[in-house]
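Q: This note's numbering applies: residue 1136 is where the sequence shown begins, and numbers increase by one.
Hints were generated in silico from the structure; no laboratory data involved. For glycine and all other residues, C-beta sits at the position ideal for the given N, C-alpha and C. Please note that a few of the clues may not be correct.
[As the list claims (entries may be wrong)] Label pairs and their calculated CB-CB ranges: (1) P1161 to N1140: 30 to 36 Å; (2) D1218 to R1160: 23 to 29 Å; (3) D1210 to N1141: 29 to 35 Å; (4) A1152 to A1182: 19 to 25 Å; (5) V1223 to R1160: 14 to 20 Å; (6) R1163 to P1214: 38 to 44 Å; (7) S1137 to A1164: 23 to 29 Å; (8) T1166 to N1140: 17 to 23 Å; (9) A1206 to R1165: 30 to 36 Å.
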Amino acid sequence: MSDNNNELITAALRHAAALHDGTFRPDRARTPFVSHLSETAELVAQAGGTPAEIAAAWLHDAVEDGLTTIAELADRFGPEVADLVAAVSDAPRGCWPGDCRAQGDPGRPPRRRA
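Could you put together the complete structure from these sequences and hints?
A: Below, the structure is given as structure tokens:
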């Protein structure tokens, strides 16, 4: 994998971790939510996913959780990653293509924070 591809995946990992900082999976152990993203990205990588698909795996819940928009992801990671995230995301309350947050609609409530 080229350095550019590694940079894309690392940037997506870091952005997803920052967006989901302080959120937890709904389990008794209060597992950090980023563990779900890591597991998803690993499955995509093991299945032979492209760098864009692996990056999208890291970011796949961010729009649904109202933490970012498809437009913001396109600006930061390019249209391929943003389109992949859009394909697996539920639109926040009827808004699409991803600029609802800017219109005052944060999407569904975020996961529990510490």
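Q: Each hint: holds or not?
A: Consistency of the hints with the structure:
1. One distance hint, 30 to 36 Å for the beta-carbon pair P1161 and N1140, holds here, with the actual separation near 33 Å.
2. At about 27 Å, the beta-carbon gap between D1218 and R1160 stays in the expected band of 23 to 29 Å.
3. Checked against the given bound of 29 to 35 Å, the beta carbons of D1210 and N1141, roughly 21 Å apart, lie outside it.
4. At about 22 Å, the beta-carbon gap between A1152 and A1182 stays in the expected band of 19 to 25 Å.
5. In this structure, V1223 and R1160 meet the distance hint of 14 to 20 Å, their C-beta atoms being roughly 18 Å apart.
6. Take R1163 and P1214: their Cβ atoms lie about 40 Å apart, and the range 38 to 44 Å holds.
7. Checking the proposed 23 to 29 Å range against S1137 and A1164 shows it is violated: the Cβ atoms sit about 37 Å from each other.
8. For T1166 and N1140, the hinted distance range of 17 to 23 Å is not satisfied, since their beta carbons lie about 28 Å from each other.
9. Taking 30 to 36 Å as the suggested C-beta distance range, the pair A1206 and R1165 conforms, at roughly 32 Å.
Violated hints for the displayed structure, listed by number in ascending order: 3, 7 and 8.
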